[in-house]
Amino acid sequence: MTEEHFIVALVEDRPGVMQRIAGMLRRRNFNIDSISVGSTEIPGISRITMTVHGDRLTLEQVMKQLNKLIEVVKVSELRQEESVVRELALIKVNVKSERARAEVVQYASIFRARIVDVSKQSMTVEITGDEEKLRAFIELMRSYGIIEIARTGKVIMARGARNVRVREMK
Amino acid sequence: MAVMKGADAVVQALEREGVEVVFGIPGGASIPLYDSLYSSGIRHILMRHEQGAAHAADGYARVLGRAGVCSATSGPGATNLTTGIANAYMDSSPVVAITGQVATPFIGRDAFQETDVIGITMPITKHNFQVRSVAEIPEVIKKAFHIAQTGRPGPVLIDLPKDMQEGVAEIEFPEEVSLVGYRPTYEGHPKQIKEAARAILDAERPVILAGGGVIISGASAELMRLAEFIPAPVVTTLMGKGSFPESHPLSLGVLGMHGRREANHAVTESDLLIAVGTRFSDRSTGMVSCFAPEAKVIHIDIDPAEIGKNVKAHIPVVGDARRVLARLLQVLAEMKRKGRSREWIEKVKLWKREFEPELDYDDVPLKPHRVIKEIMEFLGEDDVVTTEVGQCQMWAHCYMRRSKPRTFISSGGLGTMGFGFPAAIGAKVAKPEVKVLDVAGDGSFLMNIQELATAVENSINVIVAVFDNRYLGMVRQWQELFYDRRYSAVDLGSSPDFVKVAEAFGAFGIRVEKPGEIKDALKQAADSGKPAVVDFVIERECNIFPMVPPGKCLKEVIG
Ligand SMILES: Cc1ncc(C[n+]2csc(CCOP(=O)(O)OP(=O)(O)O)c2C)c(N)n1
Ligand SMILES: [Mg+2]
Numbered sequence: 001m002t003e004e005h006f007i008v009a010l011v012e013d014r015p016g017v018m019q020r021i022a023g024m025l026r027r028r029n030f031n032i033d034s035i036s037v038g039s040t041e042i043p044g045i046s047r048i049t050m051t052v053h054g055d056r057l058t059l060e061q062v063m064k065q066l067n068k069l070i071e072v073v074k075v076s077e078l079r080q081e082e083s084v085v086r087e088l089a090l091i092k093v094n095v096k097s098e099r100a101r102a103e104v105v106q107y108a109s110i111f112r113a114r115i116v117d118v119s120k121q122s123m124t125v126e127i128t129g130d131e132e133k134l135r136a137f138i139e140l141m142r143s144y145g146i147i148e149i150a151r152t153g154k155v156i157m158a159r160g161a162r163n164v165r166v167r168e169m170k
Numbered sequence: 001m002a003v004m005k006g007a008d009a010v011v012q013a014l015e016r017e018g019v020e021v022v023f024g025i026p027g028g029a030s031i032p033l034y035d036s037l038y039s040s041g042i043r044h045i046l047m048r049h050e051q052g053a054a055h056a057a058d059g060y061a062r063v064l065g066r067a068g069v070c071s072a073t074s075g076p077g078a079t080n081l082t083t084g085i086a087n088a089y090m091d092s093s094p095v096v097a098i099t100g101q102v103a104t105p106f107i108g109r110d111a112f113q114e115t116d117v118i119g120i121t122m123p124i125t126k127h128n129f130q131v132r133s134v135a136e137i138p139e140v141i142k143k144a145f146h147i148a149q150t151g152r153p154g155p156v157l158i159d160l161p162k163d164m165q166e167g168v169a170e171i172e173f174p175e176e177v178s179l180v181g182y183r184p185t186y187e188g189h190p191k192q193i194k195e196a197a198r199a200i201l202d203a204e205r206p207v208i209l210a211g212g213g214v215i216i217s218g219a220s221a222e223l224m225r226l227a228e229f230i231p232a233p234v235v236t237t238l239m240g241k242g243s244f245p246e247s248h249p250l251s252l253g254v255l256g257m258h259g260r261r262e263a264n265h266a267v268t269e270s271d272l273l274i275a276v277g278t279r280f281s282d283r284s285t286g287m288v289s290c291f292a293p294e295a296k297v298i299h300i301d302i303d304p305a306e307i308g309k310n311v312k313a314h315i316p317v318v319g320d321a322r323r324v325l326a327r328l329l330q331v332l333a334e335m336k337r338k339g340r341s342r343e344w345i346e347k348v349k350l351w352k353r354e355f356e357p358e359l360d361y362d363d364v365p366l367k368p369h370r371v372i373k374e375i376m377e378f379l380g381e382d383d384v385v386t387t388e389v390g391q392c393q394m395w396a397h398c399y400m401r402r403s404k405p406r407t408f409i410s411s412g413g414l415g416t417m418g419f420g421f422p423a424a425i426g427a428k429v430a431k432p433e434v435k436v437l438d439v440a441g442d443g444s445f446l447m448n449i450q451e452l453a454t455a456v457e458n459s460i461n462v463i464v465a466v467f468d469n470r471y472l473g474m475v476r477q478w479q480e481l482f483y484d485r486r487y488s489a490v491d492l493g494s495s496p497d498f499v500k501v502a503e504a505f506g507a508f509g510i511r512v513e514k515p516g517e518i519k520d521a522l523k524q525a526a527d528s529g530k531p532a533v534v535d536f537v538i539e540r541e542c543n544i545f546p547m548v549p550p551g552k553c554l555k556e557v558i559g
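These protein sequence lines are chains A and B, in that order.
Read in order, the letters of the first sequence correspond to residues 1 to 170 in the numbering used here.
Read in order, the letters of the second sequence correspond to residues 1 to 559 in the numbering used here.
Incorrect hints may have been included.
[Unchecked claim] So the derived label-pair ranges between C-beta atoms look like this: (1) A:A150 <-> B:G218: 53 to 61 Å; (2) A:D33 <-> B:G119: 23 to 31 Å; (3) A:D33 <-> B:K555: 36 to 44 Å; (4) A:R26 <-> B:E20: 33 to 41 Å.
None of these hints come from the bench; they were simulated from the model.
These figures come from a predicted structure and were not determined experimentally.
Using N, Cα and C, we set each Cβ at its ideal position, and we do this for glycine too.
Using the sequences and the hints, build the whole thing.
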C-alpha cells in the first residue's frame with residue numbers, strides 16, 4: 001500500500017552531502033515529495049526532513065540506502081500522528097482594491113497568518129501550519145490572484161519523549 | 001608532527017596504510033604527487049590506460065583482500081578511471097583511487113583538464129573526498145582506506161587539487177579515525193541467528209547459496225563446516241565461485257543464467273535457502289517471482305540495504321558472514337537435532353551425475369569446453385584465473401572448477417569487457433609466485449590490449465588465453481536465439497593477428513587450432529619467461545549452454 005512517510009535524516013554538514021542524497025534518491029528511483037534542510041542543535045549537523053511516497057518496502061529501502069551514505073549519521077521515520085508537522089509559506093497576493101486588502105487581512109488573522117509586506121499592488125502573507133491549513137489558506141487566496149508562493153517544505157518533530165538526536169559526537 | 005609538503009604527506013600516509021604498489025599514469029595535475037612517489041619505497045607500475053590502472057588495482061585487491069591503489073591525473077585521466085571504479089563498486093572491491101585535480105583557485109572555472117570527478121564518481125564509489133587543506137591529508141587518507149576495506153568493501157576516491165600537493169603544512173598522522181555516520185554491523189543478532197538455526201533443523205530440502213561476501217569475509221571454513229553439519233548442497237554465485245571447493249561432493253557449482261542445471265534445480269526445489277553474502281543479482285536469480293518459490297530464505301549479509309532489496313528474506317541476519325556463520329554453528333551444536341532423511345542429498349547427487357557436462361571434445365576448430373578442461377588441468381588450485389566478459393567468461397564460470405577463495409576473479413556486477421587482462425596484471429603483482437591466467441574473449445582483450453606493454457616492461461608474466469571466435473560472441477548468441485540470427489554488429493573479422501600483436505609488444509604468442517596442441521601451448525606460454533598470449537581458435541558459433549533465457553525462471557533452462 002502506498003502512502004506518505006516522513007523521514008528525518010541527520011547528516012554531516014559537508015560540501016556535496018545534498019548532492020549525494022539527491023543523487024542516490026534519483027538513481028534508485030525513489031519518489032520524494034518534499035525535502036527541507038536546516039541546521040540543528042549540534043554545529044556541523046544538518047537535519048533533513050523528507051516525505052516519501054511508497055509502500056513499506058520502499059520506505060525501508062530509502063532509509064537503508066540513506067544510512068549507507070557515510071555522511072548520514074542517523075535516519076528515523078516519524079509517524080504523522082505522533083508528531084508535529086509544520087511548513088511555512090510566503091504568499092504574495094494581488095490586492096488592487098481596498099476591499100480585497102481588508103479581506104486578506106481578515107483571513108490572515110483567522111488563520112493566524114501574518115502580513116509581512118505590503119505595497120500598492122500586493123500583500124505578502126506568512127503562514128505556518130500543517131498541510132491542510134496551508135492548502136485551505138492558499139485556496140482562499142486564489143480568488144485574489146496569487147503572484148508568487150514560496151514554501152519551505154515540511155519539518156517534523158516527534159511529540160513528547162521521543163527524540164531524533166545524534167547520540168555521541170566527537 | 002612535522003612540516004611537510006602535501007604530496008609527501010600523501011605518500012607517507014599511503015606507506016602507513018601498508019601500500020606497496022600503485023598502478024597509474026601521471027599528468028599535469030599529479031606531477032607533485034609523482035615527484036614524491038619517485039623517492040619513496042612504493043612501487044609504481046606505469047599502466048598504458050587509466051582503466052587498466054583501476055582494474056589492476058581491483059585485481060590486486062581481490063587477490064589479497066586488501067586495498068589496491070590506482071592513480072590518475074585530473075580530467076581525462078580521472079574519467080578514464082571511472083569504468084574501473086564502477087566495476088569495483090558493483091563487486092564490492094576495496095580500491096582506493098587518487099586523482100589529481102586543478103589547483104583550488106581554478107576549480108569551477110573550467111580550467112584545463114578540470115572535471116568534476118567528485119560529482120561523476122558519487123554514485124560509483126562507496127565514498128569520495130576532495131582534499132580542502134594540506135593538513136587534513138593524513139586524516140582523509142586514513143578514512144579512505146578505512147571505508148574502502150571495512151564493512152561491505154568498495155572503492156573510495158580521493159581528489160587532490162594540485163595546490164594541496166604542493167602546499168606545506170604541519171602534518172600529524174592519526175592512529176585512527178572515527179566516522180560518526182559509518183559503523184558497520186559485524187555481529188549478527190542472537191535472536192535472528194537462533195531463528196536461523198531452528199529453520200535449518202526444520203528444513204527438509206536445504207540449500208546454501210554462497211556469494212562474494214563469503215570470500216570477502218574469509219568465511220570458507222565456516223561455510224564448509226555448516227554444509228557438512230547440515231548436510232546441505234552448496235551453490236555459489238559468480239562472485240562466490242571458489243568460496244566452496246567445487247570438487248566437494250556437496251558442491252553443485254554456480255547458479256544463474258549460465259549456471260549449472262543441478263544448482264538451478266536445487267535452488268528451485270529447496271524449502272530453505274541459506275543465502276550468505278549475496279545481493280541476489282538478477283543474473284543469479286532469474287525471474288524473482290519464481291526464484292526458490294518454496295523456500296524460506298535466511299539472508300546473511302553485512303549490508304542491511306541488501307536485505308529485502310531483490311528477494312524477500314524471512315530470516316534476515318545483518319552481520320559479517322564469517323562471524324555469523326561461526327555463531328550459527330555454535331548455536332546449532334547446542335540444539336537437539338532430529339534425524340533427517342537422506343532423500344534430498346541423494347536426489348541432488350543424482351542431478352549432479354546426470355548433468356555432468358561433456359568437456360572432452362576433439363573437434364577442430366576447438367570447442368571451448370576442451371580448452372577450459374585443459375586450462376583446469378594446467379592450473380594448480382592456488383593459481384589465479386581472471387576473466388573477461390562474454391561467452392568466454394561464462395564458459396569458465398560454468399565449467400571450470402575452482403577450489404579456493406580469491407582464485408577466480410571476474411567482473412560480475414558491471415560485466416566489463418577489458419577487465420580480465422589488467423586484473424590479471426594486478427593479481428600477478430599481488431601474488432608473483434602463482435600462475436595467473438586470463439580467460440579472454442577476442443573482443444574483450446582488444447579493449448585493454450595496450451597493457452601488454454605494461455606486462456612486458458615490468459615482466460609481469462601472465463597468460464592471456466584468447467577464446468578466439470572472431471565474434472562478440474555473447475551478443476551474437478542472443479541474436480541467434482532471440483533475434484532470428486540477425487547478426488548485427490558482432491562480426492570481428494580477421495584483425496588482428498593476436499600472435500603477431502603479442503610479439504610486437506615483446507610478449508610470447510602462439511596459436512592453437514587442434515586439441516592435441518593445447519597442453520603444449522600452455523606449457524610453452526608458462527615457460528616462455530614472458531607475458532604470453534595463447535590464441536585458441538574456437539568454433540565461431542559455439543554457444544554457452546545451459547542458459548536461462550532473460551525473464552525466465554531458473555528451472556526453464558535451454559540448451
Ligand atoms: C565494455 C563493454 N562493452 C560492451 C559490452 C556488451 N557485451 C557483453 S558480452 C560482449 C561480447 C564479448 O565478446 P568477446 O570478448 O569476444 O567474448 P565472447 O562472448 O565472444 O566469448 C559484449 C559486446 C560489455 N559487456 N562491456
Ligand atoms: Mg569473441
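Comparing the hints with the structure gives:
Judged by the Cβ atoms, the range 53 to 61 Å given for A:A150 and B:G218 holds: they are separated by roughly 55 Å. Distance hint for A:D33 and B:G119: a CB-CB separation of about 25 Å, consistent with the stated range 23 to 31 Å. Checked against the hint of 36 to 44 Å, the pair A:D33 and B:K555 passes, with Cβ atoms roughly 41 Å apart. Between A:R26 and B:E20 the Cβ separation comes to about 39 Å, which falls inside the hinted range of 33 to 41 Å.
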